[in-house]
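Chain residues, written in single-letter form:
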Amino acid sequence: MNLLRASISRRLTLISVMVTALALVLATLAFSEYDRVSSRQALLASLSAQAQLVGENSAAALTFNDIAAATTTLSALRHSPGVVSAGIFDKDGKLFAEVKGANDDTMVRLPIVPPGQQQISRIAHGELVLVRNIDLDGKQIGAVYIRSDLQQLGRRSTRYMQIAIVVLLISLLIAFAAALLLQRSVSRPIVDLANTARQITAAHDYSRRASSPAATNEIAVLVGAFNEMLDEIQRRDAELTAARDELEERVRQRTDQLVRSNRELEAFSYTVSHDLRGPLDAMGGYSYLLLEDYGRKLDQQGAKALQTIRSEAKRMAELIDDLLNLSRVATTLIERRVVDLSGVVQSIAQRLRTEDPSRDIEFVIAEVPPVDADEKLLRIGLENLIRNAWKYTSKTAHARVEFGAEQRNGSTVYYVKDNGAGFDPRRTNELFKPFQRLHSASEFPGTGVGLATVQRIIDRHNGRIWAEGSPNGGAVFYFTVGAAEPSMVKSA
Amino acid sequence: MMCSRQIAMQYSAHCRVQRPMALLLLAIVAAIFMVPAQAQQASEYQVEAAYLYNFGKFTSWDDTPPQITICVLGRNPFDNALVNTVRGEQINGHAVTVKHVFSAAEASKCQIVFVSDSERGNVGTVIGALADRPVLTVSDMPNFVDRGGIVQFVQQDRRIRFVVNLDAAQRAHVRLSSELLRVASGVRGGPK
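Respectively, the protein sequence lines represent chains A and L. Heads up, the first sequence is in our numbering, so the first residue is 22 and it goes up one at a time. Heads up, the second sequence is in our numbering, so the first residue is 60 and it goes up one at a time.
Keep in mind that a hint or two might mislead.
Example chain A residues on the side facing chain L (calculated, C-beta under 10 Å, incomplete) [unchecked claim]:
id: 1; residue: Q73
id: 2; residue: E77
id: 3; residue: A81
id: 4; residue: L83
id: 5; residue: F85
id: 6; residue: N86
id: 7; residue: A89
id: 8; residue: A90
id: 9; residue: T94
id: 10; residue: L157
id: 11; residue: D158
id: 12; residue: G159
id: 13; residue: K160
Hints are computed from structural coordinates only; laboratory data are not their basis. Note that the structure is predicted; figures quoted are calculated from it, not measured. The beta carbon of each residue, even a glycine, is placed where N, CA and C say it ideally should be.
All chains, please: the whole structure from these sequences, using the hints.
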């Protein structure tokens, strides 16, 4: 319905006018009905009085059979408005005298006065017919009848209705104007409140307040409650902001602390690794000199011990190099650029072939979509992965190493796949821990730092790395490269 | 007639009498009206008897006795008509009796006296004797009101009417209602 969609002010006006109209119509109907009934009663009373008068005045005429006198008496009724005809009957029921219009030859069936009553009246065919007994000295000597048309009453009620309609229209107009004026006192505060609420919702500006109406009614209570609610929202907003600020501040402090201690740790491990290199290099150099200059003087057992010292020193140097690499990877600033990973893998494969051309190994390198990443770091990461594959396929005939990419859930997943020794899938999560090795050094040499380094690189690119494999069933390493963070605390 | 017993309820033309019944009634009415002239004479006195009684209803006396006596002075022309008319009737709550009297002295105790045509000879004496008594004198003899009687029956258009001598009524302290005077065919005297 239209009314339901209309604004509150229009609805109030409409309701007022409708109620007024209803009340007016009902009142008009009631009054016109009252008027109809009462005017009929008045007419009846008037006719009854006239009939009584005629009866009394014509008693003698009836008694002494004087038709002329009776007719004269009746003639007075002719001037009574509305009277159509009138007549007198004698006590035998015969028409004694009558006056009627010249053209009036209507035959009217008159009602019979019931015994014990003086008169009877009947309304039919737009006429009121009244019959009244004429008594003389307590005895009925005849009766008088009067016929009166109701056109007068009809005209009267028509005029009444016309006036009522005019009054109704005028009243409605005035009621409409009054409702327009009066509804403002009710609707304006509500409309204001609604507007304020709308503005607050649109602008998220909780500092606004609805203006209080002058009156102290329910609307004022509503506005007050609304404003209190806004106060509460503002208060909570402020509390939340304060809490968030405090939290951010705390996070920043913690991060700073972490970064600082991390840097200190890395600086320490770098220093330690670097400082370890010095004595180690000396050990390597002097053991070489010892082997060159006195090798022929040593017996077989001594030469083997010296050889072991040399190889262990070399292994320790590699270990220190890897550790240095790892700490460097963790601290270097990332500089993202578009990198062609296929090209990177190609160059790594090239170098490996040059290092050991005797290997029977096939490289399958697919073209992969370019990625936005730090080339130096990714090169280190990929070299670790490819070298791993190279290493663990060393005992495999027809070794095969694959590099490629595939789309998973809308992101690019790169992989390095080999058909080498593989690993026990139950120990997958140990793979990326530093110094954890799933194969013995005698089987496959290594420090166990390589995959930890790769994970650090991928972490720093907001990516993910995981592996699948089975013993002697080869291994697949998957990784993704995430987008650069907008602006995080930059570690220098 | 059957319909006319329920008074004044319809035009007689509307009388709802079944046709055979109407014919029978017509026959009876015809039989009544075909009685000889003497019977008609009697009917005239019947009307006069009714009038005599009804005059009482439009007349008031100074000291109305508990019983209103209607007297016939001289030869009674009514036979039983007058007695039949007043039998069981009352006038304004007073019982009514009929008395046959033969002298003015007797008549002076009555309230209404009908002076019979038989008294034509000494009507002057009778009127003189009753003139200042509260007696309503009525007669059908000619010149009755001219000679001092109060009410005189006259024939008009074959109907019985009456003439009133208001002076005589005033002298007798008999008050006649204005209605009676209105339906009288003639009024003598009165305020001029």
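Hints, verified against the model:
no. : hint : in the structure
1   : Q73  : violated (14 Å)
2   : E77  : holds (8 Å)
3   : A81  : holds (4 Å)
4   : L83  : holds (9 Å)
5   : F85  : holds (5 Å)
6   : N86  : holds (6 Å)
7   : A89  : holds (9 Å)
8   : A90  : holds (5 Å)
9   : T94  : holds (9 Å)
10  : L157 : holds (6 Å)
11  : D158 : holds (5 Å)
12  : G159 : holds (8 Å)
13  : K160 : holds (8 Å)
Violated hint: 1 only; the structure is consistent with all others.
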